[in-house]
Amino acid sequence: MEKKFDVYIFFIFVLLAIIWGSSFILIKKSLLTFTPLEVSALRVSISSLCFAPFVFYLRKSIPWKKLGLFIVVGLTGSGIPSFLYPIAQTEISSSLSGVLNGLTPIFTFLFGLMWFKRAFSKNNAIGVLLGFIGSAIMIVYGERLTGSGNEWYAIFVELGTVCYGFNVNFVESFFKGISALMVSSVSFFIIGPPAMLYLIFKGNYDSWLSNESFLFSLASVCTLSILATVICTIIFFHLIKKTNGVFSASVSYLIPVVAILWGILDGEAFGINHLVGMLLILSGVYLIKRKK
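Residue numbers (this note's numbering): 41 to 332.
Honestly, the hints are just simulated from the structure, not real lab data.
Where hints are given, some of them may not hold.
[As the list claims (entries may be wrong)] Per label pair, the in silico range of CB-to-CB distance: (1) G217 / Y181: 21 to 31 Å; (2) A176 / G217: 32 to 42 Å; (3) F277 / L107: 17 to 27 Å; (4) Y48 / Y293: 25 to 35 Å; (5) W104 / E212: 39 to 49 Å; (6) L77 / L221: 23 to 33 Å.
Values in this document were obtained by computation on a predicted structure and should not be read as measured data.
Every residue, glycine too, gets a C-beta built ideally from N, C-alpha and C.
Construct all of the structure, not just a fragment, from the sequences and the given hints.
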């Protein structure tokens, strides 16, 4: 029985890494038709509609007095990053975006230092340094393999990971005792209406429909919203319950690998600078997660 349980945990862990790691190639394909703001608005709108049933079911237990805090969670955990990543990927590869996303645990740790005054060890300091050196290598040299694009757009990915790092600590600080599923559902649901209004009044429908990649891009952004956002959120919380937060968070080690594999399959260049940068970032994440 124990063996089956281990196989099940391994399966959902890998499934989570594959889906989240595929987010970056899905963003790339969404951009074939839609602008970065349209990708963001579509992703938030679709996710908001999918989370609506959860909000309705939980409505009586939701602490609505925290409405302002829910808005902050929605903006930093999804609204702003969902806009920043597509902007970045108008100029950088999906694989570079996926690797730089690995900085999220590092910024989570740094905000935790400021927020909760956590202990800062020598290993932690080395980890942070390695992470930033790795990201610098990726930004300065990573995109030069292709000879096109503006590698400095990678800064938008880093800003996205700053948002994620802030978000994790904000939730931990202000939503203790409230289920993560409730926080995600309500925060997405709240930021959904503005995104929907943008699509209704600013959506460039004629341009969409005339684009030969429209259906493919629409399918990509729907998959991004439903699978990578809604279903992965539920799977992740399930994984935490079955194991623990530390094990579940280790999925961040596999996400860049999946992103790179998708990039290679899609014809993106991959060289030694990508590999060195990724290894430094992942080594940094490992060191900041060590207790000693």
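- Query: Lying within 23 to 33 Å: is that true of the beta-carbon distance L77 to L221?
  - Reply: Since L77 and L221 have Cβ atoms about 28 Å apart, the given range 23 to 33 Å holds.
- Message: Given the hint of 21 to 31 Å, is the C-beta distance from G217 to Y181 inside that range or not?
- Response: 46 Å, violated
- Message: Quick check on a hinted range of 17 to 27 Å for F277 and L107, using CB atoms only.
- Response: For L107 against F277, whose Cβ atoms are near 22 Å apart, the range 17 to 27 Å holds.
- Message: Holds or violated: the 25 to 35 Å window for the beta-carbon distance between Y48 and Y293?
- Response: 20 Å, violated
- Message: Looking only at beta-carbon atoms, does the pair W104, E212 fall within the given range of 39 to 49 Å?
- Response: 21 Å, violated
- Within 32 to 42 Å or not, the Cβ separation of A176 and G217? For A176 and G217 the Cβ distance comes to about 40 Å; the hint holds.
The structure does not agree with the numbered hints 1, 4 and 5 stated previously, though it agrees with the rest.
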